[in-house]
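Residue numbers (our numbering), protein chains in the order written: chain A, 1 to 162; chain B, 1 to 162; chain C, 1 to 162; chain D, 1 to 162; chain E, 1 to 162; chain F, 1 to 162.
Honestly, the hints are just simulated from the structure, not real lab data.
Accuracy of the hints is not assured; some may be wrong.
Since the list gives no way to pick one copy over another, a pair counts as held whenever it fits inside one copy or between any two copies.
[Claimed, not checked] Calculated lysine to aspartate or glutamate pairs in the EDC-like style (CA-CA distance at most 20 angstroms, straight line):
{"id": "1", "residue 1": "Lys-57", "residue 2": "Glu-129"}
{"id": "2", "residue 1": "Lys-78", "residue 2": "Asp-16"}
{"id": "3", "residue 1": "Lys-56", "residue 2": "Asp-69"}
{"id": "4", "residue 1": "Lys-116", "residue 2": "Glu-104"}
The model shown is predicted, which means the values in this text are computed figures rather than measured ones.
Protein chains: 6
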Amino acid sequence: MRKKKLSHQLVTHTKDAVLQLDANLDDQTGEGLGYVMAQLLAAGAYDVYFTPIQMKKDRPATKLSVLGDPQARLALTKIILSETSTIGVRYQTWQRTIMQRHFETVTTAYGPVQIKVATYGDLTKRMPEYADCAQLAQTQHVPFNTVYQAALVAVQQLKSEE
Amino acid sequence: MRKKKLSHQLVTHTKDAVLQLDANLDDQTGEGLGYVMAQLLAAGAYDVYFTPIQMKKDRPATKLSVLGDPQARLALTKIILSETSTIGVRYQTWQRTIMQRHFETVTTAYGPVQIKVATYGDLTKRMPEYADCAQLAQTQHVPFNTVYQAALVAVQQLKSEE
Amino acid sequence: MRKKKLSHQLVTHTKDAVLQLDANLDDQTGEGLGYVMAQLLAAGAYDVYFTPIQMKKDRPATKLSVLGDPQARLALTKIILSETSTIGVRYQTWQRTIMQRHFETVTTAYGPVQIKVATYGDLTKRMPEYADCAQLAQTQHVPFNTVYQAALVAVQQLKSEE
Amino acid sequence: MRKKKLSHQLVTHTKDAVLQLDANLDDQTGEGLGYVMAQLLAAGAYDVYFTPIQMKKDRPATKLSVLGDPQARLALTKIILSETSTIGVRYQTWQRTIMQRHFETVTTAYGPVQIKVATYGDLTKRMPEYADCAQLAQTQHVPFNTVYQAALVAVQQLKSEE
Amino acid sequence: MRKKKLSHQLVTHTKDAVLQLDANLDDQTGEGLGYVMAQLLAAGAYDVYFTPIQMKKDRPATKLSVLGDPQARLALTKIILSETSTIGVRYQTWQRTIMQRHFETVTTAYGPVQIKVATYGDLTKRMPEYADCAQLAQTQHVPFNTVYQAALVAVQQLKSEE
Amino acid sequence: MRKKKLSHQLVTHTKDAVLQLDANLDDQTGEGLGYVMAQLLAAGAYDVYFTPIQMKKDRPATKLSVLGDPQARLALTKIILSETSTIGVRYQTWQRTIMQRHFETVTTAYGPVQIKVATYGDLTKRMPEYADCAQLAQTQHVPFNTVYQAALVAVQQLKSEE
Numbered sequence: 001m002r003k004k005k006l007s008h009q010l011v012t013h014t015k016d017a018v019l020q021l022d023a024n025l026d027d028q029t030g031e032g033l034g035y036v037m038a039q040l041l042a043a044g045a046y047d048v049y050f051t052p053i054q055m056k057k058d059r060p061a062t063k064l065s066v067l068g069d070p071q072a073r074l075a076l077t078k079i080i081l082s083e084t085s086t087i088g089v090r091y092q093t094w095q096r097t098i099m100q101r102h103f104e105t106v107t108t109a110y111g112p113v114q115i116k117v118a119t120y121g122d123l124t125k126r127m128p129e130y131a132d133c134a135q136l137a138q139t140q141h142v143p144f145n146t147v148y149q150a151a152l153v154a155v156q157q158l159k160s161e162e
Numbered sequence: 001m002r003k004k005k006l007s008h009q010l011v012t013h014t015k016d017a018v019l020q021l022d023a024n025l026d027d028q029t030g031e032g033l034g035y036v037m038a039q040l041l042a043a044g045a046y047d048v049y050f051t052p053i054q055m056k057k058d059r060p061a062t063k064l065s066v067l068g069d070p071q072a073r074l075a076l077t078k079i080i081l082s083e084t085s086t087i088g089v090r091y092q093t094w095q096r097t098i099m100q101r102h103f104e105t106v107t108t109a110y111g112p113v114q115i116k117v118a119t120y121g122d123l124t125k126r127m128p129e130y131a132d133c134a135q136l137a138q139t140q141h142v143p144f145n146t147v148y149q150a151a152l153v154a155v156q157q158l159k160s161e162e
Numbered sequence: 001m002r003k004k005k006l007s008h009q010l011v012t013h014t015k016d017a018v019l020q021l022d023a024n025l026d027d028q029t030g031e032g033l034g035y036v037m038a039q040l041l042a043a044g045a046y047d048v049y050f051t052p053i054q055m056k057k058d059r060p061a062t063k064l065s066v067l068g069d070p071q072a073r074l075a076l077t078k079i080i081l082s083e084t085s086t087i088g089v090r091y092q093t094w095q096r097t098i099m100q101r102h103f104e105t106v107t108t109a110y111g112p113v114q115i116k117v118a119t120y121g122d123l124t125k126r127m128p129e130y131a132d133c134a135q136l137a138q139t140q141h142v143p144f145n146t147v148y149q150a151a152l153v154a155v156q157q158l159k160s161e162e
Numbered sequence: 001m002r003k004k005k006l007s008h009q010l011v012t013h014t015k016d017a018v019l020q021l022d023a024n025l026d027d028q029t030g031e032g033l034g035y036v037m038a039q040l041l042a043a044g045a046y047d048v049y050f051t052p053i054q055m056k057k058d059r060p061a062t063k064l065s066v067l068g069d070p071q072a073r074l075a076l077t078k079i080i081l082s083e084t085s086t087i088g089v090r091y092q093t094w095q096r097t098i099m100q101r102h103f104e105t106v107t108t109a110y111g112p113v114q115i116k117v118a119t120y121g122d123l124t125k126r127m128p129e130y131a132d133c134a135q136l137a138q139t140q141h142v143p144f145n146t147v148y149q150a151a152l153v154a155v156q157q158l159k160s161e162e
Numbered sequence: 001m002r003k004k005k006l007s008h009q010l011v012t013h014t015k016d017a018v019l020q021l022d023a024n025l026d027d028q029t030g031e032g033l034g035y036v037m038a039q040l041l042a043a044g045a046y047d048v049y050f051t052p053i054q055m056k057k058d059r060p061a062t063k064l065s066v067l068g069d070p071q072a073r074l075a076l077t078k079i080i081l082s083e084t085s086t087i088g089v090r091y092q093t094w095q096r097t098i099m100q101r102h103f104e105t106v107t108t109a110y111g112p113v114q115i116k117v118a119t120y121g122d123l124t125k126r127m128p129e130y131a132d133c134a135q136l137a138q139t140q141h142v143p144f145n146t147v148y149q150a151a152l153v154a155v156q157q158l159k160s161e162e
Numbered sequence: 001m002r003k004k005k006l007s008h009q010l011v012t013h014t015k016d017a018v019l020q021l022d023a024n025l026d027d028q029t030g031e032g033l034g035y036v037m038a039q040l041l042a043a044g045a046y047d048v049y050f051t052p053i054q055m056k057k058d059r060p061a062t063k064l065s066v067l068g069d070p071q072a073r074l075a076l077t078k079i080i081l082s083e084t085s086t087i088g089v090r091y092q093t094w095q096r097t098i099m100q101r102h103f104e105t106v107t108t109a110y111g112p113v114q115i116k117v118a119t120y121g122d123l124t125k126r127m128p129e130y131a132d133c134a135q136l137a138q139t140q141h142v143p144f145n146t147v148y149q150a151a152l153v154a155v156q157q158l159k160s161e162e
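Excised from the complex, chain A in its bound form (with noise of 0.2 angstroms):
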């Protein structure tokens, strides 16, 4: 199992402050939440989530936050309520401490992973990518722990020989 630095991409870099946008749901399927995640993220969100809320009258409900940049606030308000029964939308402004990244990409036995590098001051964190590892889980036909912990072990004798 060898392993290979190939490249330094460039260094991500990323704004102090997100937005977020929230509503509550409770006139709404999960088909259609399904499909406004995905329209939320083709147009920008930088995160999509729900969490399960329970509303009046024994309703299980939904909140949809969405995090995205400042400046997608009508964008993504307009999407949310084109496509849910929301008629309102909260939003507030989050400040960030976000660690610089970059990836590097290293070779493994079933081929190669992106490791995404993330350094905050003296902390420097490495994690492979998972669409890299589910790629060669699935074209490899090993489970996908098999990759991941083989990337981790590149990453681990990247390091040690630095």
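For chain A, the structure is supplied; the task is to place chains B, C, D, E and F on it using the hints.
Using the frame of chain A, we list chains B, C, D, E and F on its own:
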């Protein structure tokens, strides 16, 4: 704060087996689920509860669970099939260990409160009835917990006099 | 299945800012939480919802969230402090994008149903009111979805005639 | 908005018994769980769903549940054991009440939509297929709900002509 | 069952603003999250809680939330970045309404129990401390609720003597 | 980073049937539930977990689930009835497929870590023990994941030498 034991109602007999009906719902609104809970309870279900689940295609969903008399299976199934979007209902039977129950009444400074007395072997639990506490809290303009705790105190005093 | 536009009610005006009050509760029963939801809604809260959370020492817990008018903060806070076990309530204000709303009425084979009409720019949504559908379903002995879909059809026919 | 009944596909036959496989996972990432859901569905599981649970030592966890053909137990079990961190899978069989199903097609202003028709005794439900509505919504650049409701209207008109 | 007021501890002063740090985690195990909860509490976080959420690509996930002193932001952030897979932490500040607190002690048949006394204007709540009740329950071999309710009774008697 | 196989412990034998006990709780605090989880684990339950559910009358609630030896049913039932507010416990038996397990030990730069080795047919999984990693992380002042990944690397090297 005085209390008086007002009555001993008959023991509630319960069956040893309980039916569970389950349906996973990803194309049903929360509004509609609140409605079906009421219908199922009105039809004699022992208990109806919702569990938040996550289904395929990024869909937040709800598992509807109904506990009831095995004899009531067809009636409860028909309500689920009529009132929800599901096309199937799965079911099984659990065994149950049930404490024997009767009701006593204590008097608090806010009025009388029924106490559920549950026994199983040498174990006895006494628990104030929610509905009584809630009604007294509203009519007497005191917090619910104030009435509930007053009922607990009355219960303890009753026990210490026995 | 005929429909008739019966009335145009006044547009509902809404504020741009909404208060959120939150409290994490690990020493409160679910019974008591159902009670406090009713108290908060009766006191004018816009929305009350529960989120299942997990707190320290292996405790399943509930986050109580209340949305309301910023002017109502002290009144809502007092209810939370009186009716729950929490010793603190945290709060913040969100901005909101709200669609303008008015109500129309359509007639279905089961009776009249109010339709909430929500508009925002060139977007218009028409949604049958739950309470009307639920009442007709019960009095006419048909499934809730039958009435709801009949109202949707009446809405579509109304739109195609405009 | 016209509609036309295009076809009657064969009734889908279904078994009366369904297998449930469960595993509690506290040492598995969500990324890996999304992967295993896809593997299980590809292997013929009827349904795969996740339930948020809380395990010992303050661990948020996920219960993986798989519904499938009792004949597929070993194949599904092997995927769970290979692709997740669990060392055990528990299983049981539920009985099921299943509505008979066939598909019809209606034509909306946005294109044709398959309708799932489910029958059980004198109960008949017609529900637009998600995949068709989603595809038309994307290609016609209209909200998902617009297509879905158009399909519901076409269904109602079909029924009133019968 | 006698009780005695043993002591009045000093009022606990609390700040009006509380920091919230949030991170969405889909590539972290539950085991690791239990570990980080302990680290954060040991570092002085006021509260740490987990919310089950649903992220893209069919991933069950957990939102880690930390409440703490705004002065502790960097220290708490560093623990989250070191001990979890997240590459970013978002944060905001809430205002708080906090009841003033001091502790009293009552004596029950099982031993002494500290009572948290919380006051806000004319509202006073007295709540038995969990740790004391749990310890007495274990050493006296009685159910937790037996000790808890005995403490509540002692509290009520104390109040009626004031 | 060297590793050494220190020992092969005996295979853990496990039963094919596992008991599940369930109780729905809407009148119990989270504090008390954390307490009962500890009691049940101390009494030999294999696993105890909580599922957030939603019960009637707008009550957030918790389903307590206990997995254990069918022989332990009465003992576990008695704890649930004594320590919670429920008046009934339902139970059933699942079949189980269990991987055979033994433990190996690897040595990392931070100290020795036990590895759980699970086998089923031609499938073998090796997973670092949480408790060992957590203890080393705390005593060596490094992140939990650093120890965990070092153990994974040691496992991989062990396998490549076999």
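Hints and how they fare:
In this assembly of identical chains, Lys-57 and Glu-129 lie within 20 angstroms of each other by CA distance solely across copies; the values are 14 angstroms between and 43 angstroms within a copy. Taking identical chains as interchangeable, the C-alpha atoms of Lys-78 and Asp-16 lie at most 20 angstroms apart only when they sit on different chains, with a minimum of 16 angstroms there against 24 angstroms within one chain. Taking CA atoms no more than 20 angstroms apart as the test, Lys-56 paired with Asp-69 passes between copies only; the shortest distance there is 18 angstroms, against 32 angstroms inside one copy. Taking identical chains as interchangeable, the C-alpha atoms of Lys-116 and Glu-104 lie at most 20 angstroms apart only when both belong to the same chain, with a minimum of 7 angstroms there against 31 angstroms between chains.
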